[in-house]
Amino acid sequence: KAGVTQTPRYLIKTRGQQVTLSCSPISGHRSVSWYQQTPGQGLQFLFEYFSETQRNKGNFPGRFSGRQFSNSRSEMNVSTLELGDSALYLCASSLASQGEQYFGPGTRLTVT
Amino acid sequence: AQRVTQPEKLLSVFKGAPVELKCNYSYSGSPELFWYVQYSRQRLQLLLRHISRESIKGFTADLNKGETSFHLKKPFAQEEDSAMYYCALKGTGANNLFFGTGTRLTVIP
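Order-wise, the sequence lines are chains A and B. Mapping the first sequence onto the working numbering, position 48 (from 1) lands on 48, and the numbers just tick up by one. Offset between the second sequence (1-based) and the working numbering: plus 1000.
Next comes chain A alone, as it looks inside the complex:
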């Protein structure tokens, strides 16, 4: 069974631009969660989607948004990028809303 995949793996953007990251969960998994990992703040929860609905949201500004499609693939979008948005963005999928989370390799976003 293929694991969680994330595209792109690396991305360089300029301040003020927007970016869209994609996550394909393990086949059959319906829950997708997003996390931001930085050296200063560690791993922080962004949001979770289950069956195309956002179930939970972390403490991030409205510039961070996401969505989930009917095939459970998820995208997250960051608008008006700031230097502090430079981070590794991890996606995790789980079979059910309370299941074990399987993590993807992450997308490394650099904002210059």
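Fair warning: there could be bad hints in the mix.
[Said to hold, decoys possible] Only pairs whose alpha carbons sit at most 30 angstroms apart, straight line, appear in this in silico BS3-like list of lysine-lysine:
| # | chain 1 | residue 1 | chain 2 | residue 2 |
| --- | --- | --- | --- | --- |
| 1 | B | K1015 | A | K57 |
| 2 | B | K1090 | A | K57 |
| 3 | B | K1065 | A | K57 |
| 4 | A | K57 | B | K1022 |
| 5 | B | K1022 | B | K1073 |
[What the hints assert, rightly or not] Not close to chain A: a few residues of chain B, all C-beta gaps over 12 angstroms, as computed:
| # | residue |
| --- | --- |
| 6 | G1016 |
| 7 | E1079 |
| 8 | N1096 |
| 9 | T1106 |
[To be verified] Derived Cβ-Cβ restraints for the label pairs, each shown as a range:
| # | chain 1 | residue 1 | chain 2 | residue 2 | range |
| --- | --- | --- | --- | --- | --- |
| 10 | A | T7 | B | G1016 | 39 to 49 angstroms |
| 11 | A | S70 | B | G1066 | 41 to 51 angstroms |
| 12 | A | N77 | B | G1016 | 44 to 54 angstroms |
| 13 | A | Q98 | B | M1084 | 19 to 29 angstroms |
| 14 | A | Q18 | B | N1064 | 37 to 47 angstroms |
| 15 | A | R15 | B | G1016 | 26 to 36 angstroms |
Bear in mind the hints are in silico, worked out from the structure with no lab data behind them. In this text, a Cβ means the ideal position worked out from N, Cα and C, and glycines have one as well.
Let chain A serve as the given structure and place chain B on it in line with the hints.
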């Protein structure tokens, strides 16, 4: 508010020595506790969850509600245990994880 504290950023032990990675948590309800591990150039993966009460790769962790701790232990460290270890908490009815800042374990041959 929930919080997970891992007091040691770095921990070095000799091969064959016991290892203990500390984790303390703060949560008003009944949390579910996990240990995740990230080996070099690999993705984050689940090592242990407290409800399963099992030993994985020789590691065990016991939830102590009185001390609000979930320390990870192994009696004899191996070189392949060198990795980044994260303690994480999941709140009641939620699926999102709150992570500690992680402890980098180095096992010296």
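- request: Hint by hint, work out which the structure violates, then give me just those numbers in ascending order.
  value: 1, 8, 15
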